[in-house]
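Participant: For reference, the chains in residue letters:
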Amino acid sequence: MTTRPAQQPATSPPAPPSPRSVTDAVRVLAVGGESGSGPLQSLRQWAADLGVELEWAADLPRATRLLAGGRWDLVLTVLGERSDEDLTWWVDALRGAPGGPRLIALADRPSMGLALRAEKLGVLDVLALPLKREALANAVSRVRSAATEVALPLPSVDPEAQGHYALVGQSPAMLDVYKLMARVAGSTATVLILGESGTGKEVVARTIHQHGPGSSGPFVAVNCAAIPENLLESELFGHEKGAFTGAVARKIGRFEQAGGGTLFLDEIADMSLSLQAKILRAVQEREIERVGGGESIPVTVRLIAATNRDLQNAIAQGRFREDLYYRLAVVTIQLPRLVDRGDDLVLLVGHFARQFGERYRKKIEALSDRALELLRNHQWVGNVRELRNVIERAAIVVSDGTLRSEHLPDELRAHEPGVPERSTSGLPTLAEAEARHIARVLSHTGGQIGAAADILGIHRNTLTRKMKEYGL
Amino acid sequence: MRVEQALRLLPNLEALLPLRGLLLSSARPDERVQWGSGGPYLTVGKRDVEPGELARSMGPVLSALAQHIAALYGAYVEALERQERNDASGAVGALVGAGRLEEKVGRLSQAQAWYEVALALAETLQDRRPEVETLLAIGHVCLALGQYAEGARHYQRALVLSEAEFNQAGAVDASVGLGNAAFERAEWPGARAWYSRALRLTEAGKDRRRLGLIEHRLGVLDRRQGDLAAAGDHLRRARECFEALNGEAALDMARVLDSQGQLDAALGRPGPAAGAFREALAWVRRDQHDPGLDVTIRLHLAELLLESGRWLEAEEEMRRAEQLAITSNQTRGLVRIYTLLGTLRGRQSDETGFVFFEQAIALCRALEGPPIDEARVYQAYGLFRQICGGPDEARAYLERAAEIFRSLGVDEEVERVEAALRNSRDVPAAGAG
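First to last, the protein sequences are chains A and B. Counting in our numbering, the first sequence runs without a single skipped number right up to 472 at its last residue. Counting in our numbering, the second sequence runs without a single skipped number right up to 433 at its last residue.
FYI, nobody ran anything at the bench for these hints, they're computed from the structure. Treat the hints with caution; some may be incorrect.
To be verified - Calculated cross-link-like contacts (lysine to aspartate or glutamate; reagent style EDC-like; alpha-carbon spacing at most 16 Å):
1. A:Lys-120 with A:Asp-410
2. B:Lys-206 with B:Glu-240
3. A:Lys-278 with A:Asp-323
4. A:Lys-241 with B:Asp-392
5. A:Lys-468 with B:Glu-53
6. A:Lys-120 with A:Asp-108
Let the hints inform the model, and build the full structure from the sequences given.
Facilitator: Pasting the structure below:
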């Protein structure tokens, strides 16, 4: 198994138009209703005053054609009865549209839940019908202010800054990691790498392998979370032909494949207890048995394991074997979260911008101040992996060598400064704050009400009632 | 709890199929896992399901089930009453109606059972129209189930009866059905002859919608045969027919645009192709939403992006299709999505992509859908193994695919798989799985 390899160059996308200037008219596409009548009838009267160039699309197919054919700054659409689905549909439809247009959704009586979901999706605003001039003017000014972005040169990532192991970053937290890696690399000790998703556990494992005594041997990575439980054992230990339905041929398992090298078991906490016992036996006795085979096969591998879970907690709950933990955690390396790595963020942006610039045949040399601010304000749940994904997406759509806020996903732009609170005082009401917090906790639990109720410290029935009340 | 763990506790009983569907559709991805190293390989089996939430969602599902069963029972009682009143035609209509209800919720084999009962009754009648209607319905469901020869037999009988009764609409529909049966078996000249016959009959009747549908089929046929210019003409005429219906044929329009996208892709015009697919999605959205069609169009868009080397965008589109397929219980769509995700990983030489094929095969077995779905998964899995190592497995999967295609009489696919098999014998794949 390998990590996901580098992708091939894409075919060149059509040359996008140059970025808009602050003095350009804001191009608005209004969708739905009749031009000159219906809920958006006042739009035409306000357009000239607000410096807006307005176009009307009577329905979705026409809107799709217009979006593909030109550069738009703003799309205004009236949500139908299935407002949530409409919202998701629009966010998808606008992804990658020329100019990165922002969406303003209009609804008869937008619920707080709708507003919160829209915010999470990066919708510029949800406004109530009938549309008010002031609300539109506010949105237009926010779009216009985005045109004032200043380009900052991206740092070049010199070899020293990358550290000894081709890991990008020079924050104190990463320097500690490098020191530990240097100490452990020369031995054959089993290593346990801990860290949140996307912090680079496999990169660290690979680097330890490359600088270890078994570097001439293979590095074999197994993602225990990805492989269906019923297949994981045969994936690790191999199987004999006919051992089970689907065993169409003899298969050499990962332990054997990694012979003389390193076996990296990623997401090890996702393994069942019975399989943990088999791993323990393999580690202790240095031999394995293929599924459906009676022969013991000696294996010589260095084992590196990783997880984003709290293994001590898993042990306490009886979901992870303590004896296996102590076998694996001979040396433990804890990787920092991206938000704790300070200016490494900028170095990583520079590194990925160059990497993807080469892949998509673009020269990306700068990052706008607003884009940098958005990147700094983001929570980065997916850490470096998420950042890499964001920069790759931006590299696909960037046109002139500067990554701007418009090239960043809507989820990041949702936190753009200047998004007004809904109350007139600028401070949220108690109900708004409660709704926001509930939405955040639900998002954290993946929508699981029981778990969310536990975190919030309320009964699940109370939570269900509040969700209904706020339209969540 | 993971879906794969939850499914292990669910016996494979027909009565529990709706619960299985509910389990899948209520599963949610764990946001933290999505960004983990296993995130790129997540399938529905790795999603989370919460028993409490499942319990809460059961009410509406049970209520819909009760309504469905009540409608079926009602249709049966109506058939009995009509039969008692010597209205056998009405009884056939009621039984066919029950079949259509089953078809609407994706229970194709059950629909077929209703149609067969209706057909047995219709064959005893002097009036042949109910028999034609039943034959057309059963022919349609046979094709959806991959029973091409049987479907063609029913359509043939419908055609003979329609012509004898001067039932032009029936003759047109039967001819189109025969064309579709030939098309599915890659019998291009036969398909063309049937579509052309349907076209001649329709042009006389000025039925714009039927005309549009036939032009569309001819366009698809021309594309498959490589006559892209002719395909473009047919698709243009199909669009004109549907446009004349003032938006009443939004889903037909979406299907034509979907075909237009595939044609543009074949012409090497990825920009217009993507535009056509996106407009097709907008037409689907405009009408009563058809999630199955939505998933199909998104998959075609994803294939276009995949072939253009735009892998990140291709994967995003596949994931959107996956989300839609899961929430709307489009299990067949999921099979195609996972097959394509596996193919994408194969292009990236990422061996862990095998998890998608395994998930697709598991879904095929759980679904008991048309065998052609499983054949296509094995075909793609075999090609994946050729790229990512495992020549023995590659051969085994390709042989299994060929076997299924052969049993369905799809010779063109058999030849394609056999060519891949020859290739696997000639060129030993690098590395062993």
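Participant: Okay, which hints does this one fail, numbers in order?
Facilitator: Per hint list: single violation, 6.
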